[in-house]
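Here's the letter readout for the chains.
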Amino acid sequence: MLKNYQVFQLFSLKENTSLILTLDTILQTASASILSEFKQNNQSLNVVYLGFDNAVNKPLYCDFLIKCFAFIDVSGKTFEDKYGKLIELVNSKCDNNKHNLIIVDNINNIENEYILNFVNSLNNTQDDMISSSAEENNNSNRTLLTVYHKDNVDFEKYQEISSSNLAISLFPTTLQLLTSSANIILDINPVITDNKFVDDEEDVDEHLSKFHIPRGFNNSSNYQLELTHKRKSGRVTTFKFIMDSEKHEYIDNTKVVKVENPFGNNDISEFDGMTTFNLKSTEKQKQAKDNVELPFMEAQQFSSGGAIVYEFEKDDDYDEEDPYEDPF
Amino acid sequence: MVALQQSQDLIVFSDHKILPKFSNQNQQSIYSILYNNGTYPLWLINKIINDDADNTKYNFIVSSFINNNKFMKQNIKPSNNVDVDFIDLTLSLQATDISTIIDTKYKNITKKEGNILVIEQPELLLSSVESLTTINLFQQFINKLLLSKFQHVIIVSNIDYYSTYINSFHQYQYTSFYQSLQYKSDVLFTVKSLKTGFAKDISGTLAITKGGAENSHYTDKFKVVENEYFFFVNKDSSVKLFY
Numbered sequence: 029m030l031k032n033y034q035v036f037q038l039f040s041l042k043e044n045t046s047l048i049l050t051l052d053t054i055l056q057t058a059s060a061s062i063l064s065e066f067k068q069n070n071q072s073l074n075v076v077y078l079g080f081d082n083a084v085n086k087p088l089y090c091d092f093l094i095k096c097f098a099f100i101d102v103s104g105k106t107f108e109d110k111y112g113k114l115i116e117l118v119n120s121k122c123d124n125n126k127h128n129l130i131i132v133d134n135i136n137n138i139e140n141e142y143i144l145n146f147v148n149s150l151n152n153t154q155d156d157m158i159s160s161s162a163e164e165n166n167n168s169n170r171t172l173l174t175v176y177h178k179d180n181v182d183f184e185k186y187q188e189i190s191s192s193n194l195a196i197s198l199f200p201t202t203l204q205l206l207t208s209s210a211n212i213i214l215d216i217n218p219v220i221t222d223n224k225f226v227d228d229e230e231d232v233d234e235h236l237s238k239f240h241i242p243r244g245f246n247n248s249s250n251y252q253l254e255l256t257h258k259r260k261s262g263r264v265t266t267f268k269f270i271m272d273s274e275k276h277e278y279i280d281n282t283k284v285v286k287v288e289n290p291f292g293n294n295d296i297s298e299f300d301g302m303t304t305f306n307l308k309s310t311e312k313q314k315q316a317k318d319n320v321e322l323p324f325m326e327a328q329q330f331s332s333g334g335a336i337v338y339e340f341e342k343d344d345d346y347d348e349e350d351p352y353e354d355p356f
Numbered sequence: 079m080v081a082l083q084q085s086q087d088l089i090v091f092s093d094h095k096i097l098p099k100f101s102n103q104n105q106q107s108i109y110s111i112l113y114n115n116g117t118y119p120l121w122l123i124n125k126i127i128n129d130d131a132d133n134t135k136y137n138f139i140v141s142s143f144i145n146n147n148k149f150m151k152q153n154i155k156p157s158n159n160v161d162v163d164f165i166d167l168t169l170s171l172q173a174t175d176i177s178t179i180i181d182t183k184y185k186n187i188t189k190k191e192g193n194i195l196v197i198e199q200p201e202l203l204l205s206s207v208e209s210l211t212t213i214n215l216f217q218q219f220i221n222k223l224l225l226s227k228f229q230h231v232i233i234v235s236n237i238d239y240y241s242t243y244i245n246s247f248h249q250y251q252y253t254s255f256y257q258s259l260q261y262k263s264d265v266l267f268t269v270k271s272l273k274t275g276f277a278k279d280i281s282g283t284l285a286i287t288k289g290g291a292e293n294s295h296y297t298d299k300f301k302v303v304e305n306e307y308f309f310f311v312n313k314d315s316s317v318k319l320f321y
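In order, the protein sequences belong to chains A and B.
According to the numbering used here, the first sequence is numbered sequentially starting from 29.
According to the numbering used here, the second sequence is numbered sequentially starting from 79.
Note that these hints are calculated values from the structure, not bench results.
Don't take each hint at face value.
Computed cross-link-like contacts, DSSO-like style, restricted to lysine-lysine with a CA-CA straight-line distance of at most 30 Å [claimed, not checked]:
#	chain 1	residue 1	chain 2	residue 2
1	B	K270	A	K178
2	A	K105	B	K222
3	B	K301	A	K224
4	A	K178	A	K113
5	B	K95	A	K86
6	A	K86	B	K185
7	B	K95	A	K95
8	A	K67	B	K222
Computed from a predicted model, the values in this text were never measured in an experiment.
The following block holds chain B by itself, in its conformation from the complex:
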């Protein structure tokens, strides 16, 4: 069966690219990758880094609050000529003030042009920093990164903490964090497992949807293509996308 399905390229924009090519060079963007426990999308991060036609023009920086550099280096394998740096943020969860994380960890980044940040689970800061709110997390951390250090930010988040009935301060902050992601993102990647459990030839689905960010810069020729793919992770951890 697997051999019969035709493999598809990952396409996000109508110009067949994954990363946005705005006519305005200063235009910035936020992508969100949402997953559940069991669908951790390392393969998608690899695909975004390796499959965009212009990827050699970018400088990727991969940061994670849950996986250390050793793990990330083992699993994120850039193809030739793609520039990827790793910044380990696992110990930054001990920080008491989030502004110091930017000052210490990202101090070597001086200009934002061409810089793309892949950041895993920044929402964990909501638990680790006392009385931090979603609003402050965006204002003091993600917005600051976008203002001076990065042109595009790809936020990878685990939506298992999302809840529709709010009972505590933290539950509220996590839930509003995910909602904010939808309001602020240009593109949303939702990685879902199969409703029925497991199948031999399908691992899950990847939905690409428009985010709620302002879209006045998109035109008919250049816009987000909404799509839903099946994906299948092979034993050699290569991944195939198909409809």
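With the rest of the complex left out, here is chain A:
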């Protein structure tokens, strides 16, 4: 089994991570791909799944499914009224002897102004908040994973424009809040080049503009993961992986990324017999071409600083006057 140490470390949650943000789209949803990796890599995790999107079936990769809609008071005026019951329930499902992973699928269901409240109250128990010792907080046995649908961005812009309340329109968007506070960002995307049902990204966009979902997407055995890791030291590292959630294999793609020649390949043999003129050059012509000394080569020979290399020619008119001279 191919396992990259870094990814393994991440999914098993051995390092203390408090907030993971997962970005997905309708073509590659997190619930059908990456969310299963955590339990797979660390069986001792206690996974609590807050199903907003999926409120019917308990996925095999979680220990508890909370059907959120039954515990939210829609008419609640304050955060406490609205989500108090839900947060209490989550706390009761968390196991103090194990590491807990709380998955919120998806965070778009929480109002923008309540996001920070929601994230913080799920991440810390009451005791944590009161305790002043930083050390204790570090040993928190909870990781919160939020799923954010990237498709949804447009409305936040719209809301900002239309909102008559200035305080709300100046408030950062959900995505901004989450990306700045998350320790790890998992951006997942489908592998379009391997999909034989679509030509390219443009083709996919055209399908999506009519809401026709092409075949071959939501493929859990082949998708891209861009992992952004913000370390305590402040260093931010980004890795790319090709993921297979069925065999649980991860291929490091960071170095594998191919830089294709933007001018196409230089192999012109495919034009043989197709043109009326000669595209090829002979060996002798190539050698002659290589030996031509380009005019700017001389300027590079001066070892220090730049220099203007200019050869005075016959028709040139040399002006002796100093153009910067004071005329008076």
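Let chain A serve as the given structure and place chain B on it in line with the hints.
Relative to chain A, chain B alone:
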């Protein structure tokens, strides 16, 4: 030409069934049927009701926000022994509170085992109920139906209201409704008309694609088979599927 093309059976799962047979009896599912104006897929609803091998074990309930019971009864023709009930929701668009729709219209349904709901255009509630959001529509209506009344829900929606540039509250709610369908569905049926307009022997295409719902219950032996069929609606309104 028509006679030459071999007719195909509608297959959704790798076990050749249309409706899911999960090993876990409590497993529930959502199907979405998406169509445009001009491809209204009554034939597909008929096929799902009549062509599944185990259809006599289910109890189908057909509800529509756009067509009344008279129309639905005329057009949905269950074969022998298939149990289909109709619940007319056209007048429910006047409701001001969506929870009352479940309490009044579905009060006779007491257990969810074996119940399959075909519901047409629940997204119209986004327009009829004041300041209703997609999130609330799912939380207070569709999720509630799934929680206590139905094992499988088949949502039939018209995607003409989908727009990529959002200008109003309603446009946003409709668009996010369709996106949510993709995120929540197990299977998506997209009925498209021909790009070129009309043809004598093809009416359009039906694409069956995996939805984005969690798929940890599917195995190699039991999974969604993605496929794209041509379909042709005959004059006697029988429908033929072929590749």
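A quick look at each hint next to the structure:
1. For the proposed pair K270 (chain B) and K178 (chain A), the alpha carbon gap of about 26 Å is at most 30 Å, so the pair holds.
2. Pair hint K105 (chain A) plus K222 (chain B) holds up; C-alpha atoms about 22 Å apart against a cutoff of 30 Å.
3. For the suggested pair K301 (chain B) and K224 (chain A), the alpha carbons sit about 20 Å apart, so the restraint of at most 30 Å is met.
4. At roughly 28 Å between alpha-carbon atoms, K178 (chain A) and K113 (chain A) fall within 30 Å of each other, so this suggested pair holds.
5. For the hint linking K95 (chain B) to K86 (chain A), the alpha-carbon distance of about 23 Å falls within 30 Å, and the restraint holds.
6. This hinted pair checks out: K86 (chain A) and K185 (chain B) have alpha carbons roughly 26 Å apart, not beyond 30 Å.
7. Of the supplied pair hints, the one linking K95 (chain B) and K95 (chain A) holds, its CA atoms being roughly 29 Å apart against a limit of 30 Å.
8. Distance check on the hinted pair: K67 (chain A) and K222 (chain B) sit about 29 Å apart at the alpha-carbon level, within 30 Å; holds.
When held up to the earlier numbered hints, the structure conflicts with none and fits them all.
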